[in-house]
Amino acid sequence: MAEKKKMTVAEILAAARAEKGGAAPAAPAESAASAPAPGASATPESDAADAPLPAERPSAPKPAAKPAASGGRPSVAEIMALARAKKADGASSVAEEQAAAKPAPKAPAAKPAAAKPAAATKPAASGGPAKASAPRDTASILAAARAGAKPGPVSKADAPAAVKTLLAESTRPSGKPDAPKGASAGQDAAAKPVATKTAALKTAPPMPTRPAKAAAKAADDEADRRGFLSMALGSFMALGFTSLSVTGGLFSLGLARFMFPNVLAEPPSRFKVGFKDGFPVGKVETKYVAQFGVWVVNSDIGGQQQIYALKTVCTHLGCTPNWLEAEQKFKCPCHGSGFYKDGVNFEGPAPRPLERYAIKIADDGQLEVDKSRAFQEELGQWNDPSSFVPV
Amino acid sequence: MHSNGLFLKDVAGFLGSYYTALAVMNGVAGYLLWKRSKEPTQALVWTVFAGVMMILASLALSGSPGLVPALPAWLRGLVNQLSGPVLYTLGTTALLTVLFVFRRFFVKPMVAWTILNAMLLLMGLSMADENFASIVMKPDNVPIVGLVFLLAFFTWVATKQAVVNDDRIAQGLPPMEKLDDEKVLVWPDLVYTELICMIAVSAFLLAWAIFLPAPLEEPASSVKTPNPSKAPWYFLGLQEMLVYFDPWYAGVVLPSLVIFGLMAMPYLDFNKKGNGYYSIAERKFSYLTFQFGFLELWITLIILGTFLRGPNWNFFGPFEYWSPYKVEVLNNVDLPQMFWVNLLDRPLPRAPQGASTLTQVGTILLREAPGLVLLGAYLLILPPLLAVTVFRGFFARMGFIRYMIMANLMLLMLSLPLKMVLRWTMNLKYLVSIPEFSLNF
Chain S
1 MAEKKKMTVA EILAAARAEK GGAAPAAPAE SAASAPAPGA SATPESDAAD APLPAERPSA
61 PKPAAKPAAS GGRPSVAEIM ALARAKKADG ASSVAEEQAA AKPAPKAPAA KPAAAKPAAA
121 TKPAASGGPA KASAPRDTAS ILAAARAGAK PGPVSKADAP AAVKTLLAES TRPSGKPDAP
181 KGASAGQDAA AKPVATKTAA LKTAPPMPTR PAKAAAKAAD DEADRRGFLS MALGSFMALG
241 FTSLSVTGGL FSLGLARFMF PNVLAEPPSR FKVGFKDGFP VGKVETKYVA QFGVWVVNSD
301 IGGQQQIYAL KTVCTHLGCT PNWLEAEQKF KCPCHGSGFY KDGVNFEGPA PRPLERYAIK
361 IADDGQLEVD KSRAFQEELG QWNDPSSFVP V
Chain F
1 MHSNGLFLKD VAGFLGSYYT ALAVMNGVAG YLLWKRSKEP TQALVWTVFA GVMMILASLA
61 LSGSPGLVPA LPAWLRGLVN QLSGPVLYTL GTTALLTVLF VFRRFFVKPM VAWTILNAML
121 LLMGLSMADE NFASIVMKPD NVPIVGLVFL LAFFTWVATK QAVVNDDRIA QGLPPMEKLD
181 DEKVLVWPDL VYTELICMIA VSAFLLAWAI FLPAPLEEPA SSVKTPNPSK APWYFLGLQE
241 MLVYFDPWYA GVVLPSLVIF GLMAMPYLDF NKKGNGYYSI AERKFSYLTF QFGFLELWIT
301 LIILGTFLRG PNWNFFGPFE YWSPYKVEVL NNVDLPQMFW VNLLDRPLPR APQGASTLTQ
361 VGTILLREAP GLVLLGAYLL ILPPLLAVTV FRGFFARMGF IRYMIMANLM LLMLSLPLKM
421 VLRWTMNLKY LVSIPEFSLN F
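Chains as they are written, first to last, in this note's numbering: chain S, 1 to 391; chain F, 1 to 441.
Incorrect hints may appear among the rest.
Listed next, with one range per pair, are the computed distances between beta-carbon atoms [claimed, not checked]:
| id | chain 1 | residue 1 | chain 2 | residue 2 | range |
| --- | --- | --- | --- | --- | --- |
| 1 | S | 270 | F | 380 | 29 to 39 Å |
| 2 | S | 328 | F | 294 | 36 to 46 Å |
| 3 | S | 328 | F | 321 | 34 to 44 Å |
| 4 | F | 84 | S | 258 | 49 to 59 Å |
| 5 | S | 258 | F | 384 | 57 to 67 Å |
| 6 | F | 353 | S | 254 | 48 to 58 Å |
| 7 | S | 362 | F | 91 | 56 to 66 Å |
| 8 | F | 370 | S | 372 | 30 to 40 Å |
| 9 | S | 214 | F | 272 | 50 to 60 Å |
Just a sample of chain F residues kept apart from chain S, beta carbon distances all over 12 Å, derived [stated by the list, open to error]:
| id | residue |
| --- | --- |
| 10 | 7 |
| 11 | 29 |
| 12 | 37 |
| 13 | 67 |
| 14 | 134 |
| 15 | 147 |
| 16 | 324 |
| 17 | 382 |
| 18 | 390 |
Source of the hints: derived by calculation from the structure; they are not laboratory data.
The beta-carbon is built from N, C-alpha and C at its ideal position, and this holds for glycine as well.
Please construct the entire structure, taking both the sequences and the accompanying hints into account.
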């Protein structure tokens, strides 16, 4: 992957982990070079631009690379600089750097102490940004923003030069700790020498200042609590909440009333279907299906001629079966359940016979079906005299 | 039927462009093969095939209905006569088995191309049949036609990659997926791809909605069920399951178990191989189990429910007229009836009128004893038996709890095909039938 322009996430992470236990005295040059690293994916140009540096400034990187190769863990900065250098560098230092860079990703230090050193070195880089005014591309502007709101390397063409200046400036203070490099007041930390900072990071971070203890409650708190009742009853707030709850309550009551309308649009559960004569022997009357969901059948049940009302709901899954006159059966279109004329299931998945509604002869001699009562054969309810009318 | 000539005139235009498209497709294929391949024979074959398609197209567009290419009537009659739920299920099982066993042959691109062309040609020839066309070209069903081809394609691609990987693994090489493990970024790589897909799919759906309008039917009514009444296509597998089971089982328990089983998979799986790449040889059990559940118990049932189930949920051959008056003898009986009445020649145990609840429950349990015993043996005795025989290695590696969950999930999945077979062979309705408590199995 080192041949590619970008380092993979895995490599960066491994390198960052390696830094944790790595050599503290990371060369400032590399630290500076790694400044744009967090934005590496967005700034390939500056990455490329960084690359030649170690080769051109052999005095700085070489000593750094050697300890890494000789056994100490390389820092993020070192690894990154080396990885970049490999891309653009002449063949001279490739072999040596590979030796340094290769073991780094494999370093097993697992704790993600990462990124901090890199981030911390960022402001250092911002100390001496290129003052070029060439057209800026998005990547460099973003990198610049990350590096402390200062314009960074501006384009691929002049980036190497820019970074060189940058490095030159940022490395110099490492020798002179008191040289202020911070661009703004907020970057005091950045002004401090990089080497010192890296060292400081190795020690424990400063404890956060303890927040002030909560102030003692005001003396008139008690008074407020006592005045709560008067406030609750007297203030506009109380008025608002009171009216809100009253409205809500009334609305709920109205909703409850809405559930029980005065007039029901559905057909009555008791209805008359005409006189017995209208149901000749063996006939399945289907004209009440559409309105009432009932077949009125005159059939022979166990040797007795009966008129009964079958519910048009399949006992399997509730579809409405069709009466097939030619086959003399009720057949459900959903899963193929079949019922004989008496409502008993015989084919398909329906587990039990169709249900009957209550039927009787009303005072005027007509048959009256009552849908509020149903009779199930498997419970032995078809023997109930209300479930049929003998002919 | 009587208007066959009229129908053929209507469909001729479509068939003409259909065959033309086939011709263009194969012409392009022939050209590409000729340019790239070292042997020009295949290029020649597909170019000739394109020519034949062109002839079919001109026949279809000739204007005389008699010339529209179609399957001979006797063949259609034979297919109708032979087809039924049993043959369909056995046939699809056999087909999928053959495809699996000889996958090395079927993943060859030229073989796949031949099969694709055969499928398309067969569909074109069948389309000249009015009954077939009326079902296949129904706007609701067009997606299912697409599903058949899409699913075949994706299964083929995955199988091909798995076969290649299996070969490489056998040679000690890493799988193909390991060669290119470059990471891509969510932004912009993935998001751009998604954006493009989103736009393309939206455009496709718009065109679809315009050219294949959804059928508007009469207002819904609780007492009027359309005949046939079909679930949405993705639930047709469920609807087919409901033919063999009580709603609580096929509609509630089994679907929940499907989801539960899919969720349990990662915890049941102890095979560490095959992670992140296609492979069949390294995960044979997982692969076969999943494909059986998906292709066999879900997809084929969707196809069955869409194209072959007609009015009254009767089975119809692909070229058969969907008559609501078709009579099929589907009488079936419960296991207690078989056991007590048919086998022992005694009446079903029945609690006397007005007996106490305890007596009634006892009588019911006695009546259902054969089914309950069978069911208990199936779910409680079979898993340990399997553990010491077929699944010995599984049991050792999975431990008791994981093995029992796996075995019971497998057995419950297999309960569907087993119940189907029992229905077909023995006219068995339910093993346990307690309608008093709506408990049937």
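Okay, the hints, checked on the actual structure:
Taking the beta carbon of each, residue 270 of chain S and residue 380 of chain F are about 51 Å apart, not inside 29 to 39 Å as hinted. Roughly 42 Å separates the CB atoms of residue 328 of chain S and residue 294 of chain F, a value that falls within the hinted 36 to 46 Å. Checked against the hint of 34 to 44 Å, the pair residue 328 of chain S and residue 321 of chain F fails, with Cβ atoms roughly 23 Å apart. Between residue 84 of chain F and residue 258 of chain S, the C-beta spacing of about 54 Å keeps the proposed range 49 to 59 Å intact.
Distance hint for residue 258 of chain S and residue 384 of chain F: a CB-CB separation of about 59 Å, consistent with the stated range 57 to 67 Å. A C-beta distance of roughly 50 Å is found between residue 353 of chain F and residue 254 of chain S, which places it inside the suggested range of 48 to 58 Å. Separation of residue 362 of chain S from residue 91 of chain F is about 58 Å and conforms to the stated range, judged on CB atoms against 56 to 66 Å. Against the hinted window of 30 to 40 Å, the Cβ-Cβ separation of residue 370 of chain F and residue 372 of chain S comes to about 39 Å, which satisfies the hint.
For residue 214 of chain S paired with residue 272 of chain F, a C-beta distance near 55 Å keeps the hint of 50 to 60 Å intact. For residue 7 of chain F, the condition that its CB be more than 12 Å from all CB atoms of chain S holds, with the nearest at approximately 26 Å. No beta-carbon of chain S is positioned within 12 Å of the beta-carbon of residue 29 of chain F; the least distance is around 37 Å. Once the 12 Å rule is applied to beta carbons, residue 37 of chain F is consistent with being away from chain S; the minimum gap is 34 Å.
Non-interface call for residue 67 of chain F relative to chain S: holds, since the shortest CB-CB distance, roughly 39 Å, exceeds 12 Å. Every C-beta of chain S lies more than 12 Å from that of residue 134 of chain F, the closest at about 18 Å, which supports listing it as non-interface. The beta carbon of residue 147 of chain F sits about 22 Å from the closest Cβ of chain S, which is more than 12 Å, so the claim that it is off the interface holds. With a least CB separation of 8 Å from chain S, residue 324 of chain F falls inside the 12 Å interface cut-off, contrary to its annotation.
No Cβ of chain S comes within 12 Å of the Cβ of residue 382 of chain F; the nearest lies about 25 Å off, and the non-interface call holds. For residue 390 of chain F, the non-interface assignment is confirmed: its Cβ lies about 31 Å from the closest Cβ of chain S, beyond the 12 Å cut-off.
The structure shown violates the earlier hints numbered 1, 3, 16.
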